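Could you put together the complete structure from these sequences and hints?
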Amino acid sequence: MTTTVIERKWHTTAEVAQMLGYGLSKTKMLVITGEIRSVKDGRNRRILPRWVDEYIERRAREAEMEWSA
Numbered sequence: 009m010t011t012t013v014i015e016r017k018w019h020t021t022a023e024v025a026q027m028l029g030y031g032l033s034k035t036k037m038l039v040i041t042g043e044i045r046s047v048k049d050g051r052n053r054r055i056l057p058r059w060v061d062e063y064i065e066r067r068a069r070e071a072e073m074e075w076s077a
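First residue of the sequence shown? That's 9 in our numbering, and the numbers climb one at a time after it.
FYI, nobody ran anything at the bench for these hints, they're computed from the structure. Note that the structure is predicted; figures quoted are calculated from it, not measured.
Just the calculated beta-carbon pair ranges, DEER-fashion: (1) E72 with T11: 39 to 47 Å; (2) V47 with W75: 27 to 35 Å; (3) T41 with V13: 32 to 40 Å.
The beta-carbon is built from N, C-alpha and C at its ideal position, and this holds for glycine as well.
What follows is the structure in structure tokens.
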């Protein structure tokens with residue numbers, strides 16, 4: 009018998025807040041301002057894992073630029 013593991017295709021705003029170590033209000037503000045991309049699914053927002061990765065990469069690049077200046 010084979011076990012199939014289903015990976016999450018997207019996350020809620022609360023899950024992303026927990027992943028990033030941010031508060032929910034800060035994460036919601038990042039979504040509202042478009043810093044973290046999201047899609048509206050009914051009454052809720054959903055965030056693809058790659059969009060979280062894009063945000064992290066962008067913040068890391070900004071930090072590296074600040075340090076090298």
